[in-house]
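Residue numbers (full-length UniProt numbering), protein chains in the order written: chain A, 1 to 277; chain B, 1 to 297; chain C, 1 to 357.
Simulated from the structure, these hints should not be mistaken for laboratory data.
These numbers were taken from a predicted model, which means no experiment stands behind them.
Glycine included, every Cβ here is placed at the ideal spot set by N, Cα and C.
Don't take each hint at face value.
What follows is a set of in silico ranges between Cβ atoms, one per label pair, in the way DEER data are often shown [said to hold, decoys possible]:
#1 B:Ser61 x A:Val90: 32 to 40 angstroms
#2 B:Asp262 x A:Gly105: 32 to 40 angstroms
#3 C:Thr231 x B:Glu6: 52 to 60 angstroms
#4 B:Gln17 x C:Ser150: 21 to 29 angstroms
#5 B:Glu120 x A:Ala34: 52 to 60 angstroms
#6 B:Leu250 x A:Glu212: 15 to 23 angstroms
#7 B:Leu250 x A:Val90: 32 to 40 angstroms
#8 B:His20 x C:Glu317: 52 to 60 angstroms
#9 B:Glu120 x A:Glu231: 29 to 37 angstroms
#10 B:Glu6 x A:Arg101: 36 to 44 angstroms
Reference listing, derived: stretches of chain A covered by chain C, where coverage requires no fewer than 3 residues with Cβ under 8 angstroms from a Cβ of chain C [said to hold, decoys possible]:
#11 48–58
#12 89–101
#13 127–139
#14 161–173
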Amino acid sequence: MPLDTSTYGLALLRVDGRRWNELRRIHGQIRTQAAADGSSYLEMGHTKVMCVVTGPSEPGPRRGGAAGGASGGAGSGGQSKDAEVVVNIVIAGFSSVDRKRRGRGDKRTLEMQFTLSNTLAATLHTHLFPHSQINISLHVLSQDGSLLAALINAATLACVDAGIPMTDYVTACTAGSTSTYAANDEGADPLLDLNHQEEQELPGLTVATLGESDKVVALVCESRVQISRLEGMLAVGVDGCKQVREILDQVIKAQGRKMILEGTVDKGTGLNDMDLD
Amino acid sequence: MPREAEPSLNEKQFVLQALHDSVRLDGRELEQYRPLELTFGDQYGVADVTLGKTRVLAKASAELTVPYADRPLDGIFNIATELSPMTSPAFEVNRPTETEVLISRLLEKTVRRSGALDTESLCLVAGQKCWSIRVDVHVLSHDGNLIDAACFAVVAALRHFRKPDTSMEGGVLTVYTPAEREPVPLSWLHSPFCVTWSFFGEEGDVAVLDATWMEEQVRSGSCTISLNKHGEICQIAKLGGVPVEAVSLLQCTNVALVKAKDMSSKLDRWLAEDARRRDKGGLLAELSAENDRVPDM
Amino acid sequence: MPITILSPKPSHPPPSPHDISDSDSDLSSDDGGGGAHLDFASLGLPSHQKSTHPSNNPLFTNLVTPGTLITPDPQWMRGHGTYIPPSTTNITSSLAGITTRTNKLISVSPLRARYTPEVGDLVVGRILEVQAKRWRVDINSIQLASLPLSAINLPGGILRKRTETDELQIRTFFAEGDLVVAEVQQLFQDGGAILHTRSLKYGKLRNGLFVALSGQGGGSGVVRSRRQVWTMEGQNGGGKMDVILGVNGYVWISKHVEQVAKELEQKHMGITNMEENVSAGVYSSQNDFIDSATMREIARLRNVVTALVENGCRVDEDMVIRGYAEACEMAMLGETGAEDIYLGGQRGEELTRTLRN
Chain A
1 MPLDTSTYGL ALLRVDGRRW NELRRIHGQI RTQAAADGSS YLEMGHTKVM
51 CVVTGPSEPG PRRGGAAGGA SGGAGSGGQS KDAEVVVNIV IAGFSSVDRK
101 RRGRGDKRTL EMQFTLSNTL AATLHTHLFP HSQINISLHV LSQDGSLLAA
151 LINAATLACV DAGIPMTDYV TACTAGSTST YAANDEGADP LLDLNHQEEQ
201 ELPGLTVATL GESDKVVALV CESRVQISRL EGMLAVGVDG CKQVREILDQ
251 VIKAQGRKMI LEGTVDKGTG LNDMDLD
Chain B
1 MPREAEPSLN EKQFVLQALH DSVRLDGREL EQYRPLELTF GDQYGVADVT
51 LGKTRVLAKA SAELTVPYAD RPLDGIFNIA TELSPMTSPA FEVNRPTETE
101 VLISRLLEKT VRRSGALDTE SLCLVAGQKC WSIRVDVHVL SHDGNLIDAA
151 CFAVVAALRH FRKPDTSMEG GVLTVYTPAE REPVPLSWLH SPFCVTWSFF
201 GEEGDVAVLD ATWMEEQVRS GSCTISLNKH GEICQIAKLG GVPVEAVSLL
251 QCTNVALVKA KDMSSKLDRW LAEDARRRDK GGLLAELSAE NDRVPDM
Chain C
1 MPITILSPKP SHPPPSPHDI SDSDSDLSSD DGGGGAHLDF ASLGLPSHQK
51 STHPSNNPLF TNLVTPGTLI TPDPQWMRGH GTYIPPSTTN ITSSLAGITT
101 RTNKLISVSP LRARYTPEVG DLVVGRILEV QAKRWRVDIN SIQLASLPLS
151 AINLPGGILR KRTETDELQI RTFFAEGDLV VAEVQQLFQD GGAILHTRSL
201 KYGKLRNGLF VALSGQGGGS GVVRSRRQVW TMEGQNGGGK MDVILGVNGY
251 VWISKHVEQV AKELEQKHMG ITNMEENVSA GVYSSQNDFI DSATMREIAR
301 LRNVVTALVE NGCRVDEDMV IRGYAEACEM AMLGETGAED IYLGGQRGEE
351 LTRTLRN
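The shape of chain A in the complex, shown without the other chains (with noise of 0.2 angstroms):
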């Protein structure tokens, strides 16, 4: 069923009732898993993404000849100066409408992890780990759009609560453009966070910046677009990924002072806490 834009001007509502600039519901948690090093929840209004971190450790054995091709690798190797991110990504069977099983050698797939171990490695400090692995495995629990953007996030999230030095937080989400690309319409307006549908119909992209800065650490575009629209699209989703960024802040900060009420870290001591004796 085709998707009906023509509701979709600035002051109108889109098909989920969201306005153009309105994110869905982002709903993070961590410390999910009790047996990992770092492990987090994220849903972005119906995509849920869980995400699990191990290391940084020791490079174990690489599992079964298939390994190189279906992990996507950063960095070379174990016995480099740097640590390699490895990132598998499952998505589960009943994860979105059609039931379709992916492979694991699915190239949409390797291309995403492809896609996030070098995310990560360009924020994460690897180079303190040197001859290590840092595994991060995600499993795509939900789809409704936006799969990279949660997926970025999700993994982020999981690092930071693995305490792994990172130069800030990277976020992602996608930005599209209110009318499809055979109407040309040259007052197409941008939209924020596409959901499933949208994302079918509509030209759109995924952006993932570097903390609160317009720096753009991954861009993906898939779909026919004017070079007119990207401008704008850009703008939105930078935008968007900062209220990303403080929502994803929020959640390892209310971690933190839960730790702190509970004892379980020290206070610790600031630059205002000036009694030198």
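Got chain A; can you put chains B and C on it based on the hints?
Same frame as chain A, but now just chains B and C:
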């Protein structure tokens, strides 16, 4: 698997320092492509592209098959990429490396998903007969920027390709041999081209087009933008790597458009030249009794 | 067109300011459960309202997250968990954690991270690999630690150099899967550790139970403290128990065996000669007889330790001993008496709540 030898630390530093001062090892400008050459084969649909020392061969072929059950009105269109040990010992047969997967994904997104080829026109009898078009991409020599070269080769091969003419009369499908009827070109909608930017340094502030293999080994990030000459983006892939300011990415896209237009006009010219070479004046000229032989004087 | 991005709407109305100020006290009694459950309302607050946020609480001023600017002042030096972005003097946090200042050095200690070995740490480890002249030991750190053959007490009565025979029978000392208690002797540049067991306190672990705490969400788990090893009296008819809290978050609880002391008495040897008197028995893989009452108390102690971790308490000698006493009392109050060693779920919460007060 023999590993590709990495450049030494000093080598890397040298290349990076030079790039920061806008000097490239082969004396090019930062935004200058290496000489792009295209040769068509004797057959239709064979394109041999060289970009400096990078060389990619693409061959398009057509076959009559049954359409997929879930898309009875569409023909089949596939792009197969092959990186053989001949290119570099680091590539193995039957085991796709990361590079290979990425190239084939990019080509697929650029050419297939952007709808460059009208797959509906490949359908002959709904649900029963259709053309299956397949492009095989072989990398013969790898000196960086495989993606741009491969994409150019695929587009060139497909635009050069002629499939046998067919006709439907009273429910009977006839496929004509080239001798009976001149083969017909594919129904082509637009020509997308890949332009790959490479970013260098920790800040990603040096951006370079058409990186050589050496530069690719040193780079800290890349971004492939696919566009056609009408200024439509078909795909952007910046798969991680060094963070780059959003504004400079927009500038990169604009420069990429110029390059894509440039490639587009080059391809048009070469296609026209090739058509002129093949055109001997139609059937009449072939039937003529005259020949090239010159009587001895 | 100016761009404003709306933040997502919380699923229920945001709490009134009164609720926000209350939420601190709520959190302390928060069950925690299996992870950081967050009230979404507190997340949905737009950034400009941050000033009214509970983060104003002076307790939380030193809480930082990755990318937080700590100070732009170049007089400070950056320590662990911080970095300085190129061409600036801004000390920025690279971790989610708590800032600590040691004179002019600013560092961030993470809320949770893998164990980083330091010289002198008492660790419990598992032998993963046996090589020609050394063992590779998992101590839950970034890399496997190594235990050289020359760093263990070799049997034979006196301190002696290792011989080729020792090398050939390296597996008779420690084999794959064995648990050892050892001390970190030396560190490599890249963070790898070298262990030693050249003391009677160290060596193979027998007669007990292994518990891994790390990665279970309790901050750094075991804290470095005065005493990591102690013997305690078992209640309800159990014998004496030894507890070893490895700094790396691995814990060993076992039946106390007086064997070594007895041997010494028999031979009338001074404490100084103790280390020379290593018998092959130290490397035995056989457990001694353990009566079921002691086993039950060992299991109870283990449950105390896991309950402490699950509910975010520090694990140290004081907490474990108090926790054990409390657990015994709780069990006696129950219907099944001493047999009841279950301390999961609500009972664990109850236990830690009593300990905190």
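Verification of the hints:
no., hint, result
1, B:Ser61 x A:Val90: 32 to 40 angstroms, "holds (36 angstroms)"
2, B:Asp262 x A:Gly105: 32 to 40 angstroms, "holds (37 angstroms)"
3, C:Thr231 x B:Glu6: 52 to 60 angstroms, "holds (55 angstroms)"
4, B:Gln17 x C:Ser150: 21 to 29 angstroms, "violated (47 angstroms)"
5, B:Glu120 x A:Ala34: 52 to 60 angstroms, "holds (54 angstroms)"
6, B:Leu250 x A:Glu212: 15 to 23 angstroms, "holds (19 angstroms)"
7, B:Leu250 x A:Val90: 32 to 40 angstroms, "holds (35 angstroms)"
8, B:His20 x C:Glu317: 52 to 60 angstroms, "holds (57 angstroms)"
9, B:Glu120 x A:Glu231: 29 to 37 angstroms, "holds (33 angstroms)"
10, B:Glu6 x A:Arg101: 36 to 44 angstroms, "holds (38 angstroms)"
11, 48–58, "holds (count 4)"
12, 89–101, "violated (count 0)"
13, 127–139, "holds (count 4)"
14, 161–173, "holds (count 9)"
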